[in-house]
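Visitor: Each chain is listed here by its residues.
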Amino acid sequence: MTLIDLANPTKFLSLTGRVLPWLAGATAILLLVGLYQAAIAPDDYQQGATVKIMFIHVPNAWLSMFVWGVMSIAALGTLVWRHPLADVAAKAAAPIGAAFTFLALVTGSLWGRPMWGTYWEWDARLTSVLVLFLMYLGLMALWRAVDDPSRAARAAAVLTLVGAINLPIIKFSVDWWNTLHQPASVMRMGGPSLDKAFLIPLLVMAIGFSLLFVTLHLAAMRNEILRRRVRSLQMMQASQQAA
Amino acid sequence: MSLGPYASYIVTSYSLVAAIVLILIVWIAIDYRLQKERLREFEAGGVTRRSGRQATDV
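Line by line, the protein sequences are chains A and B.
Under our numbering, the first sequence has 99 at position 99, and the numbering climbs by one with no breaks.
Under our numbering, the second sequence has 1016 at position 16, and the numbering climbs by one with no breaks.
Honestly, the hints are just simulated from the structure, not real lab data.
Hints may be right or wrong, so weigh each one.
Unchecked claim - Pairwise CB distance ranges, derived in the manner of DEER restraints:
1. B:E1043 with A:L199: 49 to 55 angstroms
2. B:R1033 with A:M140: 17 to 23 angstroms
3. A:S210 with B:A1044: 37 to 43 angstroms
4. A:S150 with B:A1029: 35 to 41 angstroms
5. B:A1019 with A:P183: 54 to 60 angstroms
6. B:M1001 with A:P149: 47 to 53 angstroms
To be verified - Take a look, some chain A residues computed to stay more than 12 angstroms from chain B by CB distance:
7. F66
8. W120
9. R151
10. L194
As the structure is a prediction and not an experimental result, all values here were calculated from the model.
Ideal placement from N, C-alpha and C gives every residue a C-beta, glycine not left out.
The whole structure should be built from the sequences, with the hints applied where relevant.
Guide: See the structure below:
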């Protein structure tokens, strides 16, 4: 099967049917290994056991931005190449991205309370991630508000690309402004500053959560294709009854 | 494994992530069943796709 074959929704459905069980299995194994490593990871000399929140907060925070990046590429696919699966991919990714962003915000807040003494601070990193969460919700509302799927797809694609401006703002907010949030400690010039005892479980959890996203996304795309098939059959039935 | 004085924050974080991931999985699984069921109803009613294939064919 070539890449161009995946443009055909029927062939895509056939592929996802074969791949999903393997992806789900690999995701479960990686997350279990990651959780075990997180459980046996040593306490941080300053944060104590609270550092364990990092193993779920950071993967969710990475994915909150990664999913919007995926949706931005899909938006280009909708506007430039008019790929039949581009809007399906973007629409299916939005609720999953919103869930990851919500988890990044809440776990960050629960980590912040014992470490910073506050659940929330209107600093650049926290505020820009909150804006990202609101953009996810706005995008999901837009898809539901517009009846014509092709008009909704174009409007959502434009909004997604405009919203992508927020991604570098989130990433570099800790460098550009004086924030309560710590600067990058993994994806930074000069390599990660984390000790291996924390870095390895974090990377295993990050790969596990990324696989979780791929699995959920493919399954949600399959649902969206079936939903569109239902819609076209409804329209066919209505036109047959009218004739 | 001792979680120290802030155990409630750690346990709440992990529980919340598990709950939201579970909700996502269940929601997607239910949605799949719902769409399949609707396609089966069309098939039972004799409505076929433009390609001539049955509604539930992959």
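Visitor: Each hint: holds or not?
Guide: Hints, one by one, checked against the model:
The given range of 49 to 55 angstroms is respected by E1043 of chain B and L199 of chain A, whose C-beta atoms sit roughly 52 angstroms from each other. Separated by about 22 angstroms at the C-beta atoms, R1033 of chain B and M140 of chain A satisfy the suggested range of 17 to 23 angstroms. For the pair S210 of chain A and A1044 of chain B, the supplied restraint of 37 to 43 angstroms holds, since their beta-carbon distance comes to about 40 angstroms. The beta-carbon spacing between S150 of chain A and A1029 of chain B, approximately 29 angstroms, falls outside the hinted interval of 35 to 41 angstroms.
Separation of A1019 of chain B from P183 of chain A is about 31 angstroms and departs from the stated range, judged on CB atoms against 54 to 60 angstroms. Checked against the hint of 47 to 53 angstroms, the C-beta distance between M1001 of chain B and P149 of chain A comes to roughly 50 angstroms, which is consistent with it. Non-interface call for F66 of chain A relative to chain B: holds, since the shortest CB-CB distance, roughly 16 angstroms, exceeds 12 angstroms. Every beta carbon of chain B lies more than 12 angstroms from that of W120 of chain A, the smallest distance being close to 14 angstroms; the non-interface claim holds.
With a cut of 12 angstroms on Cβ distances, R151 of chain A stays outside the contact zone with chain B, its closest approach being about 22 angstroms. The non-interface label for L194 of chain A is consistent with chain B: the shortest C-beta to C-beta separation is roughly 18 angstroms, beyond 12 angstroms.
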